[in-house]
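Enquirer: Assembling the complex is the task here: the two chains are given apart, and the hints tell you how they should meet.
Heads up: the sequence lines are chains R and U, in that order. Residue numbering for the first sequence follows the numbering used here, beginning at 1 and increasing consecutively. Residue numbering for the second sequence follows the numbering used here, beginning at 634 and increasing consecutively.
Everything labelled a hint here was simulated from the structure, so no lab data went into it. Each statement offered as a hint is correct.
EDC-like mimics (lysine to aspartate or glutamate), calculated; alpha carbons at most 20 Å apart, straight line:
1. R:K414 <-> U:D960
2. R:K480 <-> R:E562
3. R:K422 <-> R:D377
4. R:K266 <-> U:E927
5. R:K414 <-> R:E509
6. U:K744 <-> R:D346
7. R:K206 <-> U:E791
8. U:K901 <-> R:D18
9. R:K425 <-> U:E765
10. R:K571 <-> R:E620
11. R:K89 <-> R:D200
Calculated Cβ distances over 10 Å to all of chain U for the following chain R residues:
12. S4
13. K6
14. S9
15. L234
16. R548
17. I558
18. I611
Chain R side only, calculated, beta carbon under 7 Å to chain U, not exhaustive:
19. T44
20. E313
21. K348
22. L385
23. H412
Yeah, the Cβ is synthetic: ideal placement off N, Cα and C, and Gly gets one too.
One letter stands for each residue in the lines below.
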Amino acid sequence: MKFSKKLLSEYIDLSNFDITRAVNTGLEFNYLDDLKTHIEVEITPNRGDCLSIHGIARELSGCYDLTLLKDISISIPSQQIANSSILIKTPNLDVLTIDIELKQIQKVKTVLNELDKADLLSSNNETNLTNYLMLITGQPCLAIDKDKIIDKLRFEQINEYTICIKDDENIISKSCADVENYYKCNSQTKTVRLILASFDKDAITKSLKLNKINNEAGYRFSRGVCHSIKNNVLKVLSELDIKYFNQCYNSNFTLSKLKINLNIKKINSILNTNLSSSIIIDYLTRLGFTVSDNEVTVPNYRFDINNEVDLCEEVARVYGYDNIIEEPINWIDTNKFINDFKQENDLKRILALSGYNEIINFTFTSEKSFNNFYIHDGMKIKNPLSNQHSHMQVTQLSNLYNIVLNNYNNKHSKQKLFQISKCFKSYESQTTKLICIDFDKKNTREWNIDASTHDFYHFKRILTKVITYYYKESEITFVKSDYKFLSSQNQWNIVIENINVGFIGYLNENLSIGDNQFMVFEIDLNKTTIDNSIQKYKAISKFPVVERDLAFIFEEDIHSKEVVKLVESLKFIFQVKGTVFDFYNMKNGQTSIGFRFYLQPKNQTLIDSDIHNFMQVAIEQITNKFKATLRDK
Amino acid sequence: MSEQHSWFNLALIEISDCSTVNQLEQCKATYLGKSSFLSKELSSMSKLSKEEKKIKGPLLNNQKKILTEKFKLKRDSLSFSNAKTKNLDPTLPLCNSAFGSLHPISQAFIKAISFFERKNFIIADGPEIETEDYNFTKLNLDENHPARDEADTFYFSEDLLLRTHTSSVQIRSMMKHKPPMRIISPGRVYRKDSDPTHTPMFHQLEGFLISENANLSNLKSTLKEFLSYFFESDVEMRLRPSFFPFTEPSIEIDIQCMNCNNGCSLCKNTTWLEVLGCGMINSKVLENVGVDSENYKGWAFGIGIDRLVMIKHKVPDLRLMFTGNIDFLKQFDKADEIF
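Excised from the complex, chain U in its bound form (with noise of 0.2 Å):
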């Protein structure tokens, strides 16, 4: 090999090898710079014959233009593994979530319905401001009834009002549709009221059933079920004789505290807390909407869904739900109802 030959393949080794930028920028100057081999060759050129010019001339050229070549690849793959494992920290916080938030009652109403499509529920939808009619007289609440007072429902005339339960779409959707029906309805509500358990706006589940042999039996197979679909655990429930004006059977479902074995402030020292109304259809109600009381029987419910929310997650406060405090909503962000 040639002494031209051996620098060069020397300077290629040579710039493989240089781990750092420092290294590579000395490897340059001693195979580039002015008192480096190929420059003392090119600049001794002069003194050579036109026939030695002709042959070394290219030669020499060639190899400046490989090596500087090199020396820039060299120096970008260096820059850029540099970079890398430098300047980058993958523990640094991101400005914002990869994910935003469903409100955990958008996600409650979410679960809930989906276990009530699965039975063949459809779901209907009413108006939030709706006629005395619908909300309460058709539904057997008689005039005298504290809850039309204007202390607890509110009014824009003598006879519209805001929803004070979703049982007014149960109406409309009876009214709608001939039996037998199995529907839902979702949605908010309206009652005059404010306290740490209670909100002038919250949200309820209604669901009913109409066939020609609806019972007692399938109404609390139907609510154990739900409730301990909604709950993700067995519940425990027990059933309390109540008074709708609506419903006759009427009764109220208690579960066993998720809370505590022996009382606590969420169950009032009961060990039990209330989640919803429900009973038989009063056949008043069918009658009111054109429904044969005598070939067709109903169940209805009334799930406060805040109230479930407000005990699955252990909200202290209801009217926390309502303030749109990104620090609360944040806490809802891994939910499977988002995906």
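This is chain R alone, in the form it adopts within the complex (with noise of 0.2 Å):
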């Protein structure tokens, strides 16, 4: 809310007073210009009864102890006619209506330029007088035109949630706080009918909603009009010299005091304070409250205030809570226990201390960002923020692919990117999962690169590392997937005790960036089956290891896991452990592993018999079932 100092200083006396202070109480008055002639307030949305100059200086007044210039008591109309003239068919309504010859309706030219620094300024001055009546007194008024009115003014409520006013034939507002474009005033108009209403704050409120009504009268009526001020929009029509005549009345509104039990105790103990009753009821008589035997009368135009802790805030304004002491918390004793945050973050600290950038990007994608990468099943936004904020994420990888395409056009070739995010199916399936790219140019052989910090088998190890701390479990499965967003060729689902987490792979070739090449892992974070058991020793063999390499070439791809763990199962007197010493893929297609096993007894030292019986058997079972050949041979 703007408007002139000078306005303000008419009714309360600020000569000796910083008004910027009184944002301790909940005005927060900020200058516009250097000079400071020009203040701009902001209210809470709860004090309706502040979003006026009488009301800010009723405000100052009781916060501050500050001396009221005008008389801007508030007194309900002496008499309560019910007039013949406005019909009201729904509750809690108070209705005044004046008549004003338009030309007199012209001196409201001499606050024109309060209007303008309220930014209220109109070109016709039947708005600029009902814009000024409410800046002063904050009282909504519709101007109509008076002889378009047919017979009676009607207050309906038209269905459930609509409050209009009509005449005998048409509907003159259908809100009640504008007017129907027939009803408005004219060059040819000779009489204005103010119509000034207050309603019930709720059902006014819905009332509006429904109705999409966006102006200041509205915003007023929502915010909640006391019934009892329309007195004093005749008295500033009165100092403006304004003359009004046809005065009608009518409500149904029933006057009710609400009253609460002020409890001292409480308010000192939200407060952590120690004040006295007498200073208590001093600050809320003060603010328009009357106490009497311990019972708290509220004012009618606090439509905020409902309870003994309303009454709290109202000491605590005055009282200022920057002179509540600060007092520590007590500790207390809670159940510590491992958060998912904290395995998050130590999994983004693996991450980054593995040169990884950790990126936060929007849950949001779009519904063509869904097409390219062939994903059919995202939650769709009722109303969302644009067509590229559509939908919900279901996997990273599509958001993060904009990024990486952003950075690559900004001159960056290489990218390690991370991020934990939730991932959407349903209300049911919100998914944490972390995704991890490896984006690089391909072969690179470079005098300043590491070719093995961008290899598949780097960033599976980067994946290990992962899934050992997250799942505290290093063993994974790597099975053939089917993701039309990854490549044909590299893909696997990351499967962990019969569970899939994720996928790993190169990015589908049609999706391509550059030459570079783009490998991504995506894993679920909630499907999590944390191993805190403490670990168990077990017993180490005293007996000498046996090492045996065997070489085999392999027609077709295999998983050279599977043939470690083949070799691993089989029975013998010794324990087997193997490992793959050498790896390459060869021109014509096939593939030449060389295994190393370690053969360690429990109980006795090998023989050359035992040894021989190893070799033989593992050779077999290897070409046997996965149709390779021994190297040597």
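Expert: Right under this line is the structure:
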């Protein structure tokens, strides 16, 4: 709300008061010019009573004990006359109408400067008048051409949620906060009728919302307009020397004074203060409350006060939140537990220390992006910000792809990125996932590049670190997968203890960026079954280990792990552990793999026949099962 | 010393003295070349008697073998040391930094949470797609509250929406646990807004405490301590009365602008920066989740983590945080939170 300091100073003595101090009580004043003549004040939405010069003056006077310069006390209209020219068919309504000759309204020109400062200046005088009355008193007023009204003004609830103003034939205002064009004043208008109404706050708010009314009058109605400020409007008209006549009033409003028990102990307990009852009563009285026998009567313009804690808030505002002492909280015993957040942070650290950069991107995505990535099961937002944000991501890949592309266009040809974020399939299926991307040139052999930091096996090492930390499991099974957004040849599901937790692979060639390789894995962080059991010692054999190497040529693509597992599963009197020591793809499409097996007996030293037997069985099993030939042959 | 021994010893000394490969090659020609003393001696062997051959032959061959080996070792040594001093340039840049980086928002969360964990707060999480009941109704936002409007909140259906604050986790936590409790919930939240200081997705840290004697004094102390810890300096703060349906009294906290003394664009010339909202939990909220509001009181706060990051690192445009721009991210690769 904007206005001139001069206007406010007509109502309250500000000569020794810096209004920016009032921020402590909830009115945040800021000067809009260097000369400090033009002010803007921010008012919290629950304080409809402060949306006027009258209201602000009253509030400052109460909080800071400042002198009011004009009588702005509110009195209820003396006569509650059921006037026959106004019909009320909606509960809790209070209406005053007055008529003014159009030429009288010309007098509003004396305050145009004030309206300009308040951003309420209009091109027509009747709007300027209603805006000025609203600025000073907070009362929204409708101005209509009196001669167009057919018979009576009717206030009706035309359906469950809409309150409107009609005459005997037509609707004058659908929402009570604006006027239908036909009834607006024009050059032919002789007499202007001002309608001053106050409604049940909730009912009018609902009506305004449904009718999508978003004007100043509507805003004030929805914040609460006290039924008794209509007299103030009449006072302001008199001050402007505007003569009004044909005053009509009708109301079915029932005045009920809200009374709240004053709980001094509770107030001091919440604020951690030791304020006496006399101080608290003084504070409340200054703010317009009446206190009698530990019972507080709330002024009828304070729609925000409903209970004991509201009174506490009033006391705190006048006492000053800044005056509340700071007292540290006590320590309590809480059950510490491993939480997802700690684990996610540890994962982030592992990746950052491995050279990956964390990004945080929107979880929104677009239908187009879904189509590009062959995704069809994302959740659609009913009211998206734009088409670019129409769906929720199912995988983070589609969004990160665009980030990689943007960075690539900014000459970043090498990117190591990761993100932990939610992916959404439904309300029931909101999954936290980690995505990791390694994007680099193919077959890089430059002076400053360690080739080993960008290949699939290095990338697998990163995955293994993550899986080992998060799932407490280094045993990963790779199962050929069929994601359309990944390369048809090189993509696998990541399986841990028979649960599919994600995928790893190269991006589909159709989505490639430049000549670069795009490797990605995404794993689900909700499928964790963390093994917190204490690790137990396993006996170490005292007998020497025997090492034997076997190299095979394989005709078809195989997983070396399967060969190792096969041999490890063979039954001998000793334990077998295997690994791969040599691997290369031959030009003819065959693969050569060298395996190293460690034979460790538990109870005795191995003899030549044991080893010979092992070699024979291992060779036979591998050659038969995997169509392999021993390389030496 | 015989002549044979003296040339051999001299050869060993000269090999040792060579400091370049060229010198070594010359030395080798002198002692093992065709016109060397050794070659001449070997070619004159045929003129010797059988007895003399038996004595001299092994001696010369042994000397030749030793010298050949010495030349080889010396050559290797010179090649290696020359390579060391000539070819390596330790100032050449690395293709990738030694470390990656954590997003500044993650760093802020880690720092903030480490503070509250020390104050015995535990962390709770909740869904980002939330029901209207948990996001609004149980938090005392009436059915006409503007925040419920489709202009402000993303909806999937009449009942399902993207949570607008992490306060929904407060509701879930209070329904799950019994007081007293101290809980924080970090996470993403969504509001329908986009400009340099607002993005449709951003991050909040919600915290609340429920006990028999919770009061504003504790809340004020906790937040003052937190802000000083987060910004790594003593911050001056002020408390402004505000209005949130879920707290009563409601307060907004501003800190003195860190960018200026007299007003700047960051603080909109007020010298104060709004950093968080807080207050005593509204008794209606406590009652909505079955907490006895007669015996228990609580306070809560909601911190816009992105805003704290903007203030701390002087980031001018919030949207920069979500672009994934590597040039932006790499500026935050030396933070304590990584190590």
